[in-house]
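Residue numbers (my numbering), protein chains in the order written: chain R, 44 to 502; chain S, 1420 to 1729.
One thing to keep in mind: the hints can contain errors.
To be verified - Not the full set, but computed from the structure, chain S residues with beta-carbon under 8 Å of chain R:
1) Phe1487
2) Val1493
3) Trp1500
4) Val1501
5) Glu1508
6) Asp1513
7) Ile1566
8) Pro1571
9) Gly1616
10) Lys1648
11) His1672
12) Val1684
13) Leu1723
Worth flagging that the hints you see were computed from the coordinates, not collected in a lab. Glycine included, every Cβ here is placed at the ideal spot set by N, Cα and C.
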Amino acid sequence: MSTTDESRRQSPLDDVARWLDDRLRLAEGTQRYWRKAFPAHWSFLIGEVALFSLVVLLFTGTFLAFFYVPDTRLVVYDGPYVPLQGQEISAAFDSTLRLSFEVRGGLVMRQIHHWAALVFVAAITVHMLRVFFTGAFRRPRELNWVVGVILLLLAFGAGFTGYSLPDDLLSGTGLRIGYSVLLGIPFVGPLIGFIALGGEYPGTDVLGRLHILHVMLLPAGLIGLVGAHLAILVRQKHTQKPSKKATNTNVVGEPLFPNQTLTSLALFAFTIAVLAMLGGLFEINPVWLYGPYEPFQVFAPAQPDWYMGWLEGLLRLWPNWEFTILGLTIPSTLLPGVILPGLIFTVVGAWPWIDARWITKDHEEHHLLQRPRDVPVRTGIGVGGFVFLLSIFIAGGNDVLASNTATGLQTISAILRVGTIVVPLLIGWIAYRIAKGLKENEAAAARATRSEPASGAQQ
Amino acid sequence: MAASDRRPPRTPAGGRTKADQWREQRKREDRAARWAAVSFLVAIVASLALFVVYISGGQAQLEGLTLFIAFGAVGVGLAIWVRVIVGPEEIVEDRYPMRSEDADRDAFEELYQSTMGEVTVGGRRRFLLRLLTGAGLSLGLALLIPIRSLGPGPRNELFRTEWGEGVRVVDEEGEPLRPEDISPDQVVTVFPEGATGSADSQAVLVGLRKDVPTDLRQPTVEGIVVYSKICTHAGCPVGLYRAAVGELLCPCHQSTFGVYDGAEVLSGPAGRPLPQLPIEVDREGYLVAISDFRVPVGPSFWNLTRGDGA
Ligand code: FES
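Please put together the full structure from these sequences, using the hints given.
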């Protein structure tokens, strides 16, 4: 790039732009957004990583869909993977093996897709934590927070359905557990379960249904809501960290073009690069090692994808309370499998209102971010809640923990049961005290400077 | 276009003149441009390498690696471009409260009232509007019907399996079993004859040791016990047997069931014992079921204890 501006050259691009403007009157609107301000802070880029992972998921997923066959009918495997040759496996599992071993570039696509799914949910989670602890969900952004929570749920759904498609031993196990939890819902559970699978487990057409959910309905929902998420963001403009320049009535940042555009493109490239490396070099979900799904076999230790870990942990830790009152049986999976996760998501989704009503008692419009210390109660609850999720997540691996330490499984489970209650409370309380201490110190320091004899021309 | 044009000139420091600074800045940008160019070149080479890998048969690791280098290099090039050549720039944009101006709100409200007036004023039109709403709701309800087509309602499937009176106990290969085939501590996955591989009838047969006292709920054959293999927690196959302690272990959430105590839950989240299959020996000396399981198998559900009404 030279600093001297060459005289404007005509390029074909100019002609295209003119042609379009002649027909769509674009210049005015484009001008307005060309220099839109993007507050520059690294934490604002985490959401973009999620977005880019989704793009990678859509592209790799489309490729996979060309080869995948959602069919449980049995075929005889005759591909290159020797241990399974001659064995009767489902057409779905067969197509997954073909994709992995015979389609050129198939394995890398499959592995990038799986890794991208893990990164997608991880990026959403970290992005949510950022928004939570900086109070970016406050009015007027409650709506976008809710959209984000629904996006997370859809991401879970997409992950679960995708995990179940290859029809390998692990995927069947996940499906079995999901169906059983549904079955346990009072009154309607069996009906819901039967409708979901087309009959009693394993049902008649499970893969076909999961497939349509995974490649059509859930992606449509994800794309639609991501669109809404971004549209609301543009409409409301970014939040920003307060500074001398940045106030509640402006946005200080880098312009959309060229700075933000180039930064985002670079980030896009880096995201793809990392996913490609993970997908190329780090084996994930080697379904041929698990073998085809047989309802009477199981793979141990069975571990779901990471974002399901906390649900798994809840199921594992929950005591075996099962009772029958007046002929109504409440299975031991109902609370940890349905009610608690429902409650957690409800509280998370309703957080902007809970926060405004009971914690900050502040219903005003805010565009400046807070620091965790500014609202100690929120910070305490947030840290405690996060540690709780983390500890039930760890509980999801209690068998792995037990086999890697000298302690028995039951002792570990007992410790975890107490730990998942006590530790989050304790750490949440500590976080609250620290935040409160910092806030008070700051307030004291501010008071001290103000009460000093006024030397400047402030007054 | 370079950032140096836009940046406010700084006061010369350390005796350097503005011209010096400008020249330094130019040099820095030239160097950055060179690095960016190198990055893009690397990306081109890596992409071509990917082509070669692909055409020569494909190899997952190399594909991943070349993709990584190609996109990574593009990213580095772009990052240099935006950080050094374009340089930081700060602009300030105004922001207005999200709420519309009062005047706009009032104007819209008036518009709404007047246009809605045309539709609803007068008893008859309001009446029509109500009926239309009713029709809309009914139609919405009617549209739920296709969902019901997705599956039959549960009848007695959850209470029944393929087991029944006189049905032979067979192994995974479909071979019927005799009591003398079973040695103590042996575990066999069994099915009702004619339904090998069945998801809801799968059961686990365990050879019992003579010296351990048993406490079983159903009639069985000396030295042998058969339980449903479906975990009563969330339906995983109870796949592991720890003979030393006589425990069946479910690998999903680690429920353990005592084989000698009627599969009572010893630990873990399962809420009830594995149902035991009542068995006997038929005239030809093979193991057969006396009846189906006496309680529903698998994960619990709300009307579990009510029976299927049959
Ligand atoms: S399914 Fe067996 S313990 Fe959960």
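Results of checking the hints against the structure:
1. Phe1487: holds (4 Å)
2. Val1493: holds (4 Å)
3. Trp1500: holds (6 Å)
4. Val1501: Hint holds; Val1501(S) Cβ to chain R Cβ min 4 Å, cut 8 Å.
5. Glu1508: Holds, about 6 Å.
6. Asp1513: Where the cut-off is 8 Å and the nearest Cβ of chain R is about 6 Å from Asp1513(S), the hint holds.
7. Ile1566: holds (7 Å)
8. Pro1571: holds (6 Å)
9. Gly1616: holds (7 Å)
10. Lys1648: holds (6 Å)
11. His1672: Hint on His1672(S): holds, closest Cβ of chain R at ~4 Å, below 8 Å.
12. Val1684: holds (6 Å)
13. Leu1723: Interface hint status for Leu1723(S): holds (4 Å vs cutoff 8 Å).
The structure meets every hint from the earlier list without exception.
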